[in-house]
Amino acid sequence: MPGDASIRSYARLIRGDGVFILMNSPKRPDGPPAYDGKSYSAAVHLAEDVKPFVAIDNGLRGLGLSAPTIHHSDIERDF
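In case it helps, this note's numbering puts the sequence shown at residues 1 to 79.
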């Protein structure tokens with residue numbers, strides 16, 4: 001399944017009970033200091049692992065807003 005310009009990858013999982021998207025978001029290593037001594041990812045606050053994705057999804061759903069259902073997450077393995 002095509003991804004975006006990040007280091008994340010995606011796979012479509014097809015089971016008897018539906019179609020699911022698996023997102024693999026490996027930890028992003030910091031690059032060289034580029035902006036006031038910060039790496040690019042630190043300077044622009046890029047998500048460096050899956051924790052922000054899970055937190056935003058839970059926050060939106062907690063407010064009663066629509067967000068994709070996370071059926072399972074493995075934060076330690078970045079899935």
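Hints in this document: simulated from the structure, not taken from any laboratory. Take these hints with a grain of salt, some might be off.
[As the list claims (entries may be wrong)] The calculated lysine to aspartate or glutamate pairs, modelled on EDC-like cross-linking and capped at a C-alpha distance of 16 Å, are: (1) Lys-51 / Asp-74; (2) Lys-51 / Asp-17; (3) Lys-27 / Glu-48; (4) Lys-38 / Glu-48.
[Said to hold, decoys possible] Label-pair ranges, simulated between beta-carbon atoms: (5) Ser-73 / Leu-46: 17 to 23 Å; (6) Ala-55 / Tyr-10: 32 to 38 Å; (7) Gly-64 / Ser-41: 29 to 35 Å; (8) Ala-34 / Pro-68: 16 to 22 Å; (9) Arg-12 / Ala-34: 33 to 39 Å; (10) Asp-30 / Ile-75: 33 to 39 Å; (11) Asp-36 / Ser-6: 19 to 25 Å; (12) Leu-46 / His-72: 21 to 27 Å; (13) Ala-55 / Val-19: 21 to 27 Å; (14) Ile-21 / Lys-51: 27 to 33 Å; (15) Gly-16 / Lys-38: 23 to 29 Å; (16) Arg-8 / Ala-34: 20 to 26 Å.
Keep in mind that this is a model prediction, so the values were computed, not measured. Ideal Cβ placement from N, Cα and C applies to all residues, glycine included.
Going through the hints against the structure:
Simply put, Lys-51 and Asp-74 have alpha-carbon atoms about 10 Å apart, close enough for the 16 Å limit, and the pair holds. With a CA separation close to 27 Å, the supplied pair Lys-51 and Asp-17 exceeds the 16 Å bound. Annotation: proposed proximity of Lys-27 to Glu-48 holds, straight-line Cα distance about 5 Å (limit 16 Å). At most 16 Å may separate the alpha-carbon atoms for a hinted pair to count; Lys-38 and Glu-48 meet this at roughly 14 Å.
Checked against the given bound of 17 to 23 Å, the beta carbons of Ser-73 and Leu-46, roughly 19 Å apart, stay inside it. Between Ala-55 and Tyr-10, the C-beta spacing of about 20 Å breaks the proposed range 32 to 38 Å. Evaluation of the 29 to 35 Å hint for Gly-64 and Ser-41 yields a pass: the beta carbon distance comes to about 32 Å. As the Cβ distance of Ala-34 to Pro-68 is approximately 32 Å, the hint placing it in 16 to 22 Å is violated.
With their beta carbons about 35 Å apart, Arg-12 and Ala-34 fall inside the hinted range of 33 to 39 Å. At roughly 19 Å, the beta carbons of Asp-30 and Ile-75 sit outside the given window of 33 to 39 Å. For the pair Asp-36 and Ser-6, the beta carbons lie near 23 Å from each other, so the given range of 19 to 25 Å is met. At roughly 24 Å, the beta-carbon separation of Leu-46 and His-72 lies within the given 21 to 27 Å, and the hint holds.
Our hint of 21 to 27 Å for Ala-55 and Val-19 holds, since their Cβ atoms are close to 25 Å apart. For the hinted restraint 27 to 33 Å between Ile-21 and Lys-51, the CB-CB distance of approximately 18 Å leaves it violated. In this structure the hint that Gly-16 and Lys-38 lie 23 to 29 Å apart at CB is violated, the actual value being about 47 Å. For the pair Arg-8 and Ala-34, the beta carbons lie near 22 Å from each other, so the given range of 20 to 26 Å is met.
The earlier numbered hints that this structure contradicts are 2, 6, 8, 10, 14, 15.
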